[in-house]
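Asks: Add chain B to chain A, keeping to what the hints say.
There are 2 protein chains.
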Amino acid sequence: MTAHDAFTIEPWGLCEQSLDLDVLARAESVFALSNGHVGMRANLDEGEPHGLPGTYLNGVFELRPLPYAEAAYGQPESGQSVINVTNGKIIRLLVDDEPFDLRYGDLHEHQRRLDFRDGLLKRSALWTSPAGRTVRVTSTRLVSLTQRAVAAVSYEVEPVDGPARIVLQSELVANEQLPSANGDPRASAVLEAPLVAEHHAHNGAKAVLVHQTRFSNLRVAATMDHIVECDSPFQGETETEPDHARYSVTTVLKKGQKLRLVKFIAYGWSAARSLPAVRDQVAAALTAARFTGWDGLVEEQRQYLQEFWARSDIEVDGDVELQQAVRFALFHVLQAGARTEERAIPAKGLTGPGYDGHCFWDTETFVLPVLTYCLPDAVAQALRWRYTTLPMARERAAQLGLAGAVFPWRTIRGEECSGYWPAGTAAFHIGADIARAVERYVRATGDAGFERDFGMEILVETARMWRSLGHHDAEGRFRIDGVTGPDEYSSIADNNVYTNLMAQANLRAAADAATRHLHEAAALGVNTEEMAQWRDAAAAMYIPYDEKLGVHPQADGFTNHEMWDFENTPAEKYPLLLHFPYYDLYRKQVVKQADLVLAMQVRGDAFTAEQKSRNFAYYERLTVRDSSLSACTQAVIAAEVGHLDLAYDYLAEAALMDLHDLGGNTRDGLHMASLAGACISLVAGFGGLRDHDEHLVFRPRLPSGLSRVAFAMRLRGNLVLHVAITRAEATYTLREGEAIKLVHDEEELVVTADKPVSRPIPRPVPLERLHQPPGREPARRHAQSGPTVASVDPTGMHEGE
Amino acid sequence: MTAHDAFTIEPWGLCEQSLDLDVLARAESVFALSNGHVGMRANLDEGEPHGLPGTYLNGVFELRPLPYAEAAYGQPESGQSVINVTNGKIIRLLVDDEPFDLRYGDLHEHQRRLDFRDGLLKRSALWTSPAGRTVRVTSTRLVSLTQRAVAAVSYEVEPVDGPARIVLQSELVANEQLPSANGDPRASAVLEAPLVAEHHAHNGAKAVLVHQTRFSNLRVAATMDHIVECDSPFQGETETEPDHARYSVTTVLKKGQKLRLVKFIAYGWSAARSLPAVRDQVAAALTAARFTGWDGLVEEQRQYLQEFWARSDIEVDGDVELQQAVRFALFHVLQAGARTEERAIPAKGLTGPGYDGHCFWDTETFVLPVLTYCLPDAVAQALRWRYTTLPMARERAAQLGLAGAVFPWRTIRGEECSGYWPAGTAAFHIGADIARAVERYVRATGDAGFERDFGMEILVETARMWRSLGHHDAEGRFRIDGVTGPDEYSSIADNNVYTNLMAQANLRAAADAATRHLHEAAALGVNTEEMAQWRDAAAAMYIPYDEKLGVHPQADGFTNHEMWDFENTPAEKYPLLLHFPYYDLYRKQVVKQADLVLAMQVRGDAFTAEQKSRNFAYYERLTVRDSSLSACTQAVIAAEVGHLDLAYDYLAEAALMDLHDLGGNTRDGLHMASLAGACISLVAGFGGLRDHDEHLVFRPRLPSGLSRVAFAMRLRGNLVLHVAITRAEATYTLREGEAIKLVHDEEELVVTADKPVSRPIPRPVPLERLHQPPGREPARRHAQSGPTVASVDPTGMHEGE
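Note that the protein sequences, when read in sequence, are chains A and B.
Numbering-wise (my numbering), the first sequence opens with residue 23 and increments by one.
Numbering-wise (my numbering), the second sequence opens with residue 23 and increments by one.
For reference, chain A alone in the conformation it holds in the complex (with noise of 0.2 angstroms):
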């Protein structure tokens, strides 16, 4: 079974008709449920088998210490690991005295579904146990996303062929055992009993547990509460110990007779509040659900995710698959960020352990574009939360040698985590990510009280890190040395062209920033001369060009670098960082990732439309993807510059990375920038969207794989575009809201409310199509009308970051 057969293809949602115990943890993954603030993975209520057991709380960590062969000044000493938090999740069957494991005995039906629109995981199993018993087994699970703190399952149980002794056994368990690492770098390390037991407490059905991290100080409370609903007479029971609470129901069902056993979990953490004051919080949450009760979970999970489709579902037409792997991306970033609440959004969201559960750059470079026009407020608590972390990114700086602020390459509460500093501290292009993504939300939202109170203060300290970075060379060019951009297979390079073009834009962010809040500024001790500064040095910006070979080159020198031996460079070495040393690859032209392809996307207005063309092909012959950070931005400028067919095959890379298991490591988590990426290459790819102008700017064009794409957008927090688009022509429409001008093509309009304005759309110029590395060209993929699987995963695809 190939990794995709697992699911059928249908529009909404994503339904799994049998278990493969071999590829449990990738399920576990796909089927995660979060709201931002607690993850569950998409374990089996029993708990076991389990791929990879996992209940995550954003923000909660362990230290671990960072270990160097060689010490040097200013590396990170004390790393932070996510850790698998209490597992509230747990139901345990007995039938009979057998527990319920679908290792033993004979299952007949496993399915399991989950409905983007109602955010509910929902299982069935028919199962026979080793002594001849059939039960049928329905669950449902949902992680709420209208009350923070809150997880609920709905559980029951149904003897088919005759009378069954019954026990169900709901839990909270704390230092599961976990399994042991792989010795993959890029898996995280694993943690063995972090929590140490600080209360434990039941009455009646309720039990609590609370316990605080060894090293990192953070203290954990997890509750549940229960409702039993019996055919038969039942009996329940609580007992708990430091690690440990279980409720227990007994009963004898007859033939048909059901159990039904509702629970309500509800967690909190907190690295300052008391053990009562913790423990308190969660009972009063576990209250509160109660109090709505299970149908009342569910209808307001329903609605959240209705008025959030409504205003944010993007539609493709010729592709079921691809609509269906959109969807599934657009429901698993609403999950990542929709209550994180001053909390990072890391890259995994809460859906494994990967990249030890820290967020990167990830998020403000490919989420946050797109919650920025569906969930605009989950954008504004993300960047509010690196507003928090400013006084440690001003140490960080200070610790540098640098003013401003340096935010971590990667990280879970703020400090730099990054044990390798040529591709962590040296990508200070983060900087600039994060400036760029308080731009676009302010100017999408128009939210100038964020704006003057947050956003400010983080343009204005990337800004003056960016100053004291670079310096004015001879000839008065503004430079950049000893830098590494997005590409991590180059290191350590001068003016770096993505790196200097964001930190122009950052530079006069801050300065235009400061002149619309003169006052706050001044607060800030930003004075005209300060902002003369940044305007000087962003006008003086050295942009290194090739002009024999009429590219920009990624990097001083990069084009005058050794091709990489692509042609001698089997299948099975990718991804090359696992089988090459870095110096090699650093000296190379080899790209792992859009890096200059980037730049034209996000600094599209420093390109001209020739230049694109030749940079695009150029990189495209060197870019090797080992990273899940590239495919979409290739479609989204292989679409800009022509190559739509060629867009269509990185936007379904993008969007199937994940249900195709792309990387070979959706095991450890999914991968949420490739998730957004997939929503990028649609709205920015064939959209056309670009938002770096005071104007949004379209310039739709579709492969000839797709009949209609259909995105909605929320702009200026009370207008609602939508942009349907054909072949032939597209069609604004504005659902809510009075008027909003915007370009197609070159052209101005203003589209009115209820007054859909349709332009027509050039006919596509037919290219050549571009090279890449041989065997790392992206699967070919055809239109589909139905439900059926066509498309053929690049050999030995594996992701590297």
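Check the hints yourself; a few may be wrong.
As the list makes no split between identical chains, a pair holds if one copy fits it or if it spans any two.
Claimed, not checked - In silico lysine to any residue, SDA-like type, Cα no more than 25 angstroms apart, as pairs:
hint, residue 1, residue 2
1, K276, L771
2, K595, G423
3, K634, E769
4, K570, R499
5, K634, A496
6, K144, G572
7, K570, A801
8, K763, V787
9, K570, A496
10, K280, V189
11, K634, G127
12, K276, D767
13, K595, H130
14, K280, L129
15, K228, E131
16, K634, V182
17, K595, A425
18, K595, Y90
Keep in mind that the hints were calculated from the coordinates and are not lab data.
Replies: For chain B alone, kept in the frame of chain A given last:
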């Protein structure tokens, strides 16, 4: 007391007039004895107090893990650390049951003296025990230069104010407790109890201990025997335990009576041989030593050194302290290299555990150029060690995707042990440094057999490495991208001038050697096509040049980088690497150690005189000398471009590195490269010797502080050339051999036996003094005629490498 008050100033020796317990470890390094195989720090005979106990056997190390915060392909995972082997130096004394411990009682006199002409460390003390008995203790220690496995001590005690009961305990102690590490990354990792006992035995006054290292599985044997002379009846007794052997002598001496103990010690180790074999090997060495006897060993030592000095002395008139320092330097370089015999010469010799006992490029670049002209056999041995490591170097090259051989940046046995690749593996120049040493040795000695049997394979395999590391760009230039040159404040740069010039020489040397030994080259798979490829790559080698500034950038783009803010870098922030992050050092114009300037020394033929002057002035402003591998090179080029007094200052810094503890880390061992560099400063600096062409070239010039410099050189086996330089003229005398052709200034001379040739030296043109980074100027050295101390150490000068 400052560092250098400790020693008297005299031309042929070093004398410490009193004991300073605070700086014991420094004196232990300075007075260390070694023959390149066995090394003994100058720990006091009685073992305590000590600074850093140390007895080393060249090649005996323990493995230890090299940890990384983030894993990557090709990172070495196992490191090697020199270990303190069984201590055979210890002779404890009890006076009326009071241990002779200088921390107690009254020490009236304590003197240690090392004479460079006899190689004996003599000690005498006059001490009154806490109980009031006064004794005179004298001891003499030697590590034999003629009997490689052997050390010996003559120890004498005499009560001077009345009778005393005397016990002497002569010991072998394995797994000595060491002081804990101080956290300085430059100090050795302390390995606790690395030796596992295998065998212990005694017979008469003899005892032996055999151990194995735990992980590296090296077998180490130490044995001792004793002769007692006593004016009074005495009793001897021997005991052994697994980690301890003791021979005790007891007697009662009257006032003026003496007890003398002569201790013979022999060491051996093997990675392959059995316990009986290693045990018997040391027993044989011990027997031979005892047969030679104490006086015999002393006489052999004296003769060996007499011969050495006759052919290798460097005379410095006008500055006694410098004369002393230069002989100190030569003596220790001799000790480090004399009897290595297919083992490495570590950066610290066998004088301390600094840098984990590793061998770096220091050996080939600084130490071997000196040994080539005074102890050429030692050079052949050191290069034969490199030859024996070729299989490891080929394996490393294959791992790195390169042809030929990649020698390790740091190692004991031959495997790469660098845990930070940007300043380790990326410093590929070590391959060319080794090739250059081969070339120099063969040219100086005419040892064609060595070239054919060992040297050529090194040249061929390093040439192959360069050919695969570099590539031709579109204009046909041969580029070497992404490497690190000598200066460790830059990293991973394109076309480092030093590296490219050295690679060019390496490629040519390989082609030339293959031409001389066509048959043997063919056996290595070399054909004329490959030789042509090497020559072509060498001819096309790209050497960047900054036309605007009229200087060579150290590497591509270097002169565009921001200047380090020297003005605002206070003295206490040096060495910079302990106070600033690498990213910051790498991207700015700041130089840790001569890089481009070293290129001008070793490849002087590649620069015009004008370029040398301009380059030197440019890099003087940037070079902070945070490495001890810099002053000597700056001295050489300063002299060449006419800054003779500046050269004198740098010479003094190199020469006094350890006697004045300028780096603050002499405690961890002596800086062999700096000591050798002092000799280079004189010979290549004031002598103006260049040896990269067929004939030796001299261009002698003296600074105002020196009235005469003279040195002898061994050449082509049986020639000894003596060069004497005054301010007015240079005189070339052939002391041994028939005739030699050489170049003085631009003039070719033939010097024949017994016919000294004198040539006038032009009066130097006064030049304006160059600028160095503020606070990093070398101390000005004024002419001295007697034993006074006039120089001032640069404040806070510490070494960073």
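Asks: For every hint, state whether the structure bears it out.
Replies: Outcome of the hint check:
| no. | hint | verdict |
| --- | --- | --- |
| 1 | K276 <-> L771 | neither (69 angstroms within a copy, 117 angstroms between copies) |
| 2 | K595 <-> G423 | between (39 angstroms within a copy, 12 angstroms between copies) |
| 3 | K634 <-> E769 | within (21 angstroms within a copy, 62 angstroms between copies) |
| 4 | K570 <-> R499 | both (21 angstroms within a copy, 15 angstroms between copies) |
| 5 | K634 <-> A496 | between (30 angstroms within a copy, 23 angstroms between copies) |
| 6 | K144 <-> G572 | neither (56 angstroms within a copy, 74 angstroms between copies) |
| 7 | K570 <-> A801 | neither (33 angstroms within a copy, 50 angstroms between copies) |
| 8 | K763 <-> V787 | neither (28 angstroms within a copy, 77 angstroms between copies) |
| 9 | K570 <-> A496 | both (24 angstroms within a copy, 10 angstroms between copies) |
| 10 | K280 <-> V189 | within (12 angstroms within a copy, 93 angstroms between copies) |
| 11 | K634 <-> G127 | neither (61 angstroms within a copy, 85 angstroms between copies) |
| 12 | K276 <-> D767 | neither (69 angstroms within a copy, 112 angstroms between copies) |
| 13 | K595 <-> H130 | neither (41 angstroms within a copy, 72 angstroms between copies) |
| 14 | K280 <-> L129 | within (19 angstroms within a copy, 95 angstroms between copies) |
| 15 | K228 <-> E131 | neither (33 angstroms within a copy, 83 angstroms between copies) |
| 16 | K634 <-> V182 | neither (65 angstroms within a copy, 95 angstroms between copies) |
| 17 | K595 <-> A425 | between (42 angstroms within a copy, 19 angstroms between copies) |
| 18 | K595 <-> Y90 | between (27 angstroms within a copy, 23 angstroms between copies) |
In summary, the numbered hints that this structure violates are 1, 6, 7, 8, 11, 12, 13, 15, 16.
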